[in-house]
Amino acid sequence: MQDKLYHVGKIIGTSSPFASDFLPDSTQQPKTRNFLASCKILIIGAGGLGCELLKNLALSGFQNINVIDMDTIDVSNLNRQFLFRPQDVGKPKAVVAAEFINKRISGAKVVPHYCKIQDFDRTFYKQFSVIVCGLDSIPARRWINSMLIEMIDFDNENNPDPDTIIPMVDGGTEGFKGQTRVILPTLSACIECSLEMFPPQKTYPICTIASTPRIPEHCIQWASIIAWEKEKPFVHGDNVCKIDTDNPEHMLWLFEKAKKRAEENNIPGVTYRLTQGVVKNIIPAIASTNAVIAASCSNEVFKIATNTAPTLNNWMMYNGAQGIYTYTYEYAKKDDCIACGTSKRNFEISSLQTLEQFIQLLADDPNLQLKKPSLTYDGKPLFMSAPPGLYEQTKDNLNKSLGDLITSGSEIVLTDPSLENVAITLKINFI
Amino acid sequence: MATDKTKRYDRQLRLWGEEGQEKLETSKLLLIGANATGTELLKNLVLPGIGSFTLLDNKKVSAADTGNNFFVTTDSIGQSRAAVTSNLLQELNELVSANFVDEDPEKLIAETPEFFTKFTVVIVCELNENSLRKLAEQLYNAQIPLVIVQTCGFVASLRLVLREHTVLDSKPETPLEDLRLNAPFVELSDFVNSFDFDGIPANQHSHIPYLVILVKAITEWRKKHNGTLPQTRPEKTEFQNFVRAMARTPDEENFKEAAASCFKAYVIPRLPYNTAELFEHEKCKNLTPNSSRFWIIVRALKDFYYSDGQNILPLIGTIPDMHSDTEKFVKLQQIFHHKATQDFERVFNNVKSTTTSLNLPEISPEVVKSFCKNSNYLQLLSNKRLEDEYTSTTQLFELDNSDDNLHEKAFYLGLRAVTRFQVEYKRYPGENDPNADLPLFQNVLRSLLQQMQYPVDIVPEQIVQELCRSGGAELHNIASFMGGVGAQEVIKILTNQYIPLNNAFIYNGLTSTGSNFNIQ
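Listed in order, the protein sequences are those of chains X and D.
Quick note: the first sequence, position 308, residue 308 per our numbering, numbers continuous.
Quick note: the second sequence, position 425, residue 425 per our numbering, numbers continuous.
Hints in this document: simulated from the structure, not taken from any laboratory.
Predicted model only: the values in this text are computed from it and were never measured.
All C-beta atoms, glycine included, are put in the ideal place defined by N, C-alpha and C.
Please note: incorrect hints may appear among the correct ones.
Simulated DEER-style distance windows between Cβ atoms [said to hold, decoys possible]:
id, chain 1, residue 1, chain 2, residue 2, range
1, X, Gly90, D, Glu137, 37 to 43 Å
2, D, Ser382, X, Pro17, 35 to 41 Å
3, X, Gly269, D, Pro113, 46 to 52 Å
4, D, Gly17, X, Lys372, 35 to 41 Å
5, X, Glu330, D, Asn128, 36 to 42 Å
6, X, Lys280, D, Tyr306, 44 to 50 Å
7, D, Pro113, X, Ala332, 24 to 30 Å
8, D, Gly17, X, Phe124, 56 to 62 Å
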């Protein structure tokens, strides 16, 4: 009977001129084949990229695959998330995806987790040989990135123990564009090293939204930011509802409000589709781009696990809109990266700025984007975003000037929910 | 469109719109080779809702297939691969019509060529070279686009043969701004002149749109400079200072915007190269009763350009958002919209007189309007016959040792040698014994290179060895990657939006690099 792993077998059973240190399998010693069958891989996300990743890894010889996703299936997923059918709408993605793969591909043992990545700690993550992400969220990427860094053990000379380094492959897509990257935490550029590559979402100045709307997007944000706050259209008992972008009643209310405002101002172009797009920050997505990026991610996972060829070092950009454009390069690791850096990040600021102003700068800086930091100085809390008790105790410091609180050259230790697993040290220099 | 479909296809409609979707849904695709690559490619077309597909393959599902092909199952081993994969692909989208033909593609190509000419696009993922060449001739004569994908271990190639493909909207990353700052049309001039820059109150002054500010500024500049525009660096700096000086206070956002955008005032609209090519094309110059809609409208655009347009294409009609109050901005938008409509009407009249004089059916205003809006983004791609590549006695593309993409281009030549080897030896190089096959493969490659007048050592030895040791292995990850790229190209071909590959691409999964190039 022909070997099911015939195609993979050809590659792991022969040597490549591009991988001089790879020892091919023999029938007596199928060490790579055995490793593929026994190692554990984690896929984060069971959506557009996740479905592809599950299929790809299961058809590359991997058997023990875990998948995490906290979402349920929506109709708009069906144009690309091919493990789901119309009758699956509402069910958890991870569960349905795992079932489909285990049924279709013999030997596959996919274990689903319908929960958030934050629900697990290092005892869960350390069991995996490689972690591959098909996420649609920067905060989630930052979180897992900081978790993997925090899991690394260092010796007395600050050298990382290679056995505690888990490679992370990360993919992202938008329309016809996408990117694949390979992260070896503390050895190569991590998510935080390249944070400026992910600019924050587009918002419009509040005065434009409030007083001088000109384009349909202004009218839509008026409805979602100003009108909703003012009119509190939906209540649940005593609680005023926050906008639930998956609730069609909420979306319809926003659409009609936006349309009315647009009509009053002679502004064309408010449609239900645009309203959804702005409020939900919808990114266009198609099967083909997801296939490309997920496949290149899976290819990297395969090469990392088998050593049959060199690994991507470390970023491939892809754009299929005008011709086919790919660009592969090494993104440089930052010495002073707040997550994986060895030297401390310097921060220059005037001593006259208040603590509150400083904290705003932490949020606005494209390299930091820290939205809810808690700061300690000399072991004592300077400002705590949470819990409420500590917030009350420290909030008075917000109005004080930095010069009154610390001296130039001081080190402040920060934590932030986006990087809850690492403590960041900033060296403050007064200018 | 029915709400179910709108919801389901929402994420893709935001890219190619209802118009593009309609073209997908009326397409009939043929795939030859229900292997991993072919089925992955088709998956990415079934999901977004192509009209129908037909799978042509006469193999039986093997155990090896169950290891790399998602659209077969273990209990389907021994059954018709075409039937099994077609069924599991159909299951992805109930709106798509699935068909299969369990016959030998070589036989069909030799004996029933008319089978192939009823498809919109033909995709080949597994076919011997001789039959491929025959098929390519038939398709070229019938003006049917051909998409060819080949994988071998970590490397793969994509080749498109488009006899004549028209792009109706290239959808560039940064769309052109058509603001007419230094050649304002009458209504725009009137609007600008209606502003009393010196007299109006402060809060009005700080809401004058920068577009208006720049028209005024550049008009005044020209008066002071003999009608010329800023050209040298000192002149450009002077102009920017001139604009800045028009502000009353340093806080006025609109004047800051104007200063930052002042270069827009001395940009002169140019006829894009792609559009110029179309205007000079034989099919534009000579309209006949057989002329397509495309050429009739292009000609109408050309006639507009050289007369009413005064050497400028129809006004696009949209303006970017800019600091202003609602009333002024909306008024400005309306002025631009109105002028764009006037230009469109002139083009439309040209179209109407052509269709009338040639006794052809009318073309809808919507279609013409779309052409006017996208007149800067029209393109024509034309490829020669595939046979020209296979019989070529000159180099397909330039290649020397210093080429940035040496390995990718060398892999393309190597993959050509793989299919040539298959014709001669009826197996992949290295399929059974890589060591024994290596010298045979090297010989095949050498003759191929000599035929095309390449130096025989242009393909690095590592490349030759890598292809031979791969033994024709079809890795799922590589098949899936190419399935994505290939499907994306088919979508661009069907919708006439975005720009298709012109005309060859290599993916190197060893280094995760890609390269595209044109084969003449």
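We went through each hint and held it up to the structure:
Under the hint 37 to 43 Å, the C-beta atoms of Gly90/X and Glu137/D, about 52 Å apart, miss the expected range. For the hinted restraint 35 to 41 Å between Ser382/D and Pro17/X, the CB-CB distance of approximately 39 Å keeps it satisfied. The beta-carbon spacing between Gly269/X and Pro113/D, approximately 50 Å, falls within the hinted interval of 46 to 52 Å. At roughly 40 Å, the beta carbons of Gly17/D and Lys372/X sit within the given window of 35 to 41 Å.
Evaluation of the 36 to 42 Å hint for Glu330/X and Asn128/D yields a pass: the beta carbon distance comes to about 41 Å. Between Lys280/X and Tyr306/D the C-beta distance comes to about 47 Å, which sits within the given range of 44 to 50 Å. Between Pro113/D and Ala332/X the beta carbon distance is about 56 Å. The supplied range of 24 to 30 Å is therefore violated. Hint check: Gly17/D to Phe124/X, Cβ distance near 44 Å, so the stated range 56 to 62 Å is violated.
Of the numbered hints stated above, those contradicted by the structure are hints 1, 7 and 8, listed in ascending order.
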